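**Student:** Given these sequences and hints, build the entire structure.
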Amino acid sequence: MEAAQIQARAVIKVAAISLAVIAVAALLVIVTLHVQTTIRWLVAAIFLTLALYPAVDRIESIHVRGRHPFPRWLSILVVYVLTFAVFVFLVLQVVPPIVSEAESLGSKVPGYINDFKDWANQNPQFRFWVPFMAWSSGFTLKFASQFASGATCPSRRPLLADLQVGAEEFRRLSL
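Sequential numbering of the sequence shown, starting at 3, is according to the working numbering.
One thing to keep in mind: the hints can contain errors.
Here are the computed lysine to any residue pairs in the SDA-like style, where the Cα-Cα straight-line distance is at most 25 angstroms [claimed, not checked]: (1) K110 with P98; (2) K110 with A122; (3) K110 with Q95.
Since the hints were derived computationally from the structure, they do not count as laboratory data. Nothing here was measured: the structure is a model prediction, and the numbers come from that model.
**Tutor:** Here it is as structure tokens:
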């Protein structure tokens, strides 16, 4: 009889511990979801600190007029200013070529589509897709011409209408 009582106590104890662990895990998940933004900022700050520490340490070790090292706050400020300057320089040197290349690609897309249509017309295994390509090339040509002209994002209604017409045409052709 004592063995049965011990076993029942052990089962209750294990069940209670399991429920406590599950409750703590659920509580941690809830807390993590509520402080998710704060955790992201904290991780970013730790990463920034670890990434810039060697540069701050190096600048801090510089002796001014041969006797006093740079103060830590001034070293941190210099590293932040230099990092910001490098970031601005990279943005100014990298983004404009990417934009000009994207505009160039947008103006060349209609020619690429016509070349692909010609190639698909010459290959018998792609003849089934030619009517669908006619619809999609019109849609792509309209979008590419708007992109190449520097127009802002087109209205969503005409694009959705084109997509619905193309989907209906695709269903009709595939039956």
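**Student:** Would you list, in rising numerical order, the hints stated earlier that this structure does not obey?
**Tutor:** none
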